[in-house]
Amino acid sequence: MMASLFERLFGRSSKADTSGKIAKDRLQFVLVQDRVKLPADQMQQMQQEILEVISKYVTVDLENVDFELANRERTGVLLAEVPFGSPIDTDTDDEDTDLIEAINMDDDEPVDALDDETEDNLGDTEDADQSEAISAEDTPDVEFIEADDEDESTRPISARTDPDPKD
Amino acid sequence: MAARIITITSGKGGVGKTTTTANVGVALARIGNRVIVIDADIGLRNLDVVMGLENRIVYDLVDVIEGRCKLRQAMIKHKQFPNLFLIPAAQTRDKNAVSPDDMRAICNQLRPQCDFILIDSPAGIERGYRNAVAPADDVLIVTNPEISAVRDADRIIGLLEAEGKGPGKLIINRLRADMVQNGGMLSPEDITDILAVQIIGIVPEDEYVVAASNQGVPVTLNENSRAGVAFRNIARRLTGEKVAFMQLDPPNGFFRRLSRLFGG
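Listed in order, the protein sequences are those of chains A and B.
The first sequence begins at 1 in my numbering and counts up one residue at a time.
The second sequence begins at 1 in my numbering and counts up one residue at a time.
In isolation and in its complexed conformation, chain A is listed as follows (with noise of 0.2 angstroms):
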């Protein structure tokens, strides 16, 4: 009785999982998927050339990574989780033996979690098998978001270039 009074006189008072909201939600999740021009085979390119630069600086747990596209205004942006450990020595100036370092740090366990994309990618498939993930305990997450301004950079995400579409 109380409980339908409050119901009349407020109406809902709780928004966290109402139907507008789950319509917002996936609305923009819809939205991201069909902005994006970039080919899916690119996306994935980028993103894992992104993470060879990462680990020539630092360890990386390549298993915690995370990459996901959002919306900010009309704009695209790259959200990257990169869960990260200790910093690399870089005394050597090849990039390929820096990465293979950077996999190779700890001995202790061999991890075949490293899925086949990853190996061919990260360059050495030879020494992958004894890579190890780094842990990701207690190590800082880093975000890379991509600036907002009109920079050419941006575009490959956000470009909304359609200039010719079909009949």
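Any given hint could turn out to be false.
What the hints assert, rightly or not - Below are the DSSO-like pairs computed for lysine-lysine, each with C-alpha atoms no more than 27 angstroms apart in a straight line:
id, chain 1, residue 1, chain 2, residue 2
1, B, 169, B, 70
2, A, 21, B, 169
3, A, 37, B, 165
4, A, 24, A, 37
5, B, 77, A, 24
Note that these hints are calculated values from the structure, not bench results.
Keeping the supplied structure of chain A fixed, place chain B upon it in accordance with the hints.
For chain B alone, coordinates are given in the frame of chain A:
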């Protein structure tokens, strides 16, 4: 006179493009503008019915383009507003009977004769849409507060930006304020958050709209209709007047519930 050419489009069908075109056209004429509305939905003409002019059609848009009549002969004068004209779509042809260049040529010819040209676009993003948008100075995008309609509006905004026609302005049609308040419907804020485009009108769901189109009398002429007020406000905003968005007093709003509880 040099008319402003405004195209009303949406991507998704059934969201209220034709209703909007008819009502904004009538509302603009009512406040003294000379207005020509063009039905660009070739093959699926309906603007004539919504405006109550279906029994006066002799020539249509395709007759003009193919030279069977003069432009003037295809312009149907509204009974109540002599400064409002309709150019109807052909019913027995398809979108390919018209090209974007045809639409530009017709609009250039009409431009000196009036204050506003409103073009009712067909649904979709194909030829019919491109015909309708080609001559536009401004584009109004009609959407409903639901995922599919907003998604299609987003697609239209992307196409307009790619064509250099700007992001367009948004009309949210069939909003139910009571549902927005309960969290059961996307709110205007949700929609502008996502689309990042300016709103030029919010039209509440209103049963007078159905009655009006049954009768062929645009709802904006009904003084009791809240949708009618919303369409008049859009017309005023198009003329540059600053009009506050109307208070969406939901039928189940707090004060209404309160007064109902106490026998109001």
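Structure-based check of all given hints:
1. Proposed proximity of residue 169 of chain B and residue 70 of chain B is contradicted: the alpha carbons are some 33 angstroms apart, above 27 angstroms.
2. This hinted pair checks out: residue 21 of chain A and residue 169 of chain B have alpha carbons roughly 24 angstroms apart, not beyond 27 angstroms.
3. For the hint linking residue 37 of chain A to residue 165 of chain B, the alpha-carbon distance of about 20 angstroms falls within 27 angstroms, and the restraint holds.
4. For the hint pairing residue 24 of chain A with residue 37 of chain A, the CA-to-CA distance comes to about 22 angstroms; that is within 27 angstroms, so the pair holds.
5. Of the pairs offered as hints, the one joining residue 77 of chain B and residue 24 of chain A is violated, with about 44 angstroms between alpha carbons and a cut-off of 27 angstroms exceeded.
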